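Asks: Here my numbering is used: the first residue of the sequence shown is 59, the next is one more, and so on.
Worth flagging that the hints you see were computed from the coordinates, not collected in a lab. Hints may be right or wrong, so weigh each one.
As the list claims (entries may be wrong) - Calculated pairs, DSS-like style, for lysine-lysine (alpha carbon to alpha carbon, straight line, at most 30 angstroms):
#1 K511 x K498
#2 K446 x K431
#3 K431 x K445
Unchecked claim - Okay, the calculated beta carbon distance ranges per label pair:
#4 P241 x F405: 29 to 35 angstroms
#5 S574 x R594: 36 to 42 angstroms
#6 E369 x W200: 32 to 38 angstroms
#7 R554 x R580: 17 to 23 angstroms
#8 E78 x G508: 55 to 61 angstroms
#9 E369 x P283: 21 to 27 angstroms
#10 P241 x P268: 24 to 30 angstroms
Just so we're clear, the structure is a prediction, and the values are computed from it rather than from any experiment. Where a beta carbon is used, it is the ideal one built from N, C-alpha and C, also for glycine.
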Amino acid sequence: MTYNFDRFLRYDEMVTWLTELASRFPHLVTLETYGKSHLGRDLWIATVTDSTTGSHETKPAHWIDANIHATEVTGGVAALYILEYLTSQFGRDHHTTETLRTRTFYIVPRVNPDGVEDALLDSPRYHRSSVRSWPWRDGHRWPGLSVEDIDGDGAVRTMRIADSDGAWVEHHDDSRVMVPVGPLGVAPGTQRYRLLDEGVLENFDGFTIPMPRDPAGLDLNRNFPAGWGTTVLGSGDHPMSEPEIDALVRAARSRTNVCGYNAFHTAGGFMLRPSSTRPDATLPPFDLWVYNELGKVGVQHTGYPVHSVYEDLTWDKSDTMSGAGDDWAYEHLGVFGWTTEFWDIIFHATGKHSPTDIWYVGPTPEQELAVCKWTDTNAPGAYAPWKKFNHPQLGEIEIGGCDAIKTWSNAPASKLRDEVAPHVHFAIYQALASPRIEIKRATAESLGSGVYKVEIGIANTGWLGTEISEWAQKNKIVLPLTAEISGATLVEGAPRVKLGQLDGRVKFRVSGDAKSDGTPDRVLHTWLIRGEKGQRVTLTASHQRAGVAYAIVELP
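Put together the whole structure using the sequences plus the hints.
Replies: Structure, rendered in structure tokens:
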């Protein structure tokens, strides 16, 4: 099938596209399932590497997942675009080719297929994440607003009800934009409105309108083990209680070669880093420095500013956004985890990035007016004029305004490909920053009487150290490098030995500009063996993060 990254694929279309991609590039792409969703849909993971230079598990890897939140479908397009780019540019682009020759990508384009499928229906149903009823397992709808597309136009917009005490009035430049009423009120004769998401009212008493949470009240990005808590909205019954997160955590954890993690979300046009629960002052300074160095390159490629979730985007520091994937990757795997929040419509409309409190206070009237005007050219129909509607509980109301999911939350079709494309370069950069072990010396020397000295010299030729982060080092997350000899009889010692960890080139950047490096990136080990001239022995260097290397030595 032809896909130009200018629309959002339904589940069956996505699986067809992935299957065809794997068929076109069998030496690069392996497609497999790693679990099932709440409704039984297969959860797919694509493994991308040059299989002619080694199997995927023998190389350091970079992990990408997308669409954990049901309506944040731009992230899924980005994951698919990266798959297309890596395969189409292999053998053409130097960095892409080198990345797949020496590294592996694990890409999960749709963590939450059930929720996304509801969001992409012709008459959409919007959830935060999963479709499973929680915390009330019977799916009971409590009194109040139940959000849905009630006029059948394929969008969930805004209902406005004429109300003399309403908190909103029309913008004087464009009636599709509503402006908050301030402390001084409005001029006499100005119509005020009460606004509600489009939907029906359950058990309406004729006067009050409660705002209950969607019966499918889970937030899968609060169900990871790191920082999980019962006070966190949507966190689930226990860490990894949801099949989508249980499967993802197990899939990532079983791939011990994962050296970096990036979750794709929307919206805001940010690159977010840990921690979500603690100030920067409590994190290892080296790790903060590495995050900043990686972030500079991310900004260079994408234009997205970098923020700490806790420091910059947490409104109330006593009520943190814990249980998230990037925190889990950093705290439990010890790798540098990122959350990319795609799409900043304010930036496209005004040239200025959204403020860091946008998730709490929303846009200013001036910003929304600019967005409304911008969509008239770039996403026609995104903002609709108000039309009368006979509501089953409220009587005569109006429905109109913005289709927020298709404008504020996601890039419109005209901008979708351009929005996601630059992020492949940051993904490649992160992958190439990973540690990588190579055998740089493999020698045998005869000592007489059938005794030989065999040496193995191993180097980390990557940028990061083999432990990845100082957090991983302090918490003893990563197993040491090992070296092993086979095909020989040892005179003394063990055939397999632990050789600790190796620094990467990044170490030389935090040495006070000494420019006197030494060799913390190298280690040498010697075995004494018995053998015969012409005998061949195999040397193996192995590290759970930094890969596996082999050498064959012929005894002289």
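Asks: None of the hints should be skipped; say for each whether it holds.
Replies: Verification of the supplied hints:
With a CA separation close to 17 angstroms, the supplied pair K511 and K498 stays within the 30 angstroms bound. At most 30 angstroms may separate the alpha-carbon atoms for a hinted pair to count; K446 and K431 meet this at roughly 23 angstroms. As the CA atoms of K431 and K445 are separated by approximately 19 angstroms, the hinted pair is consistent with the 30 angstroms bound. At roughly 31 angstroms, the beta-carbon separation of P241 and F405 lies within the given 29 to 35 angstroms, and the hint holds.
Between S574 and R594 the CB atoms are about 39 angstroms apart, so this pair conforms to the stated range of 36 to 42 angstroms. At roughly 36 angstroms, the beta-carbon separation of E369 and W200 lies within the given 32 to 38 angstroms, and the hint holds. R554 and R580 have their C-beta atoms about 19 angstroms apart, which keeps the hinted 17 to 23 angstroms range intact. For the pair E78 and G508, the beta carbons lie near 58 angstroms from each other, so the given range of 55 to 61 angstroms is met.
Separation of E369 from P283 is about 23 angstroms and conforms to the stated range, judged on CB atoms against 21 to 27 angstroms. Take P241 and P268: their Cβ atoms lie about 26 angstroms apart, and the range 24 to 30 angstroms holds.
The earlier numbered hints are all upheld by this structure, with none contradicted.
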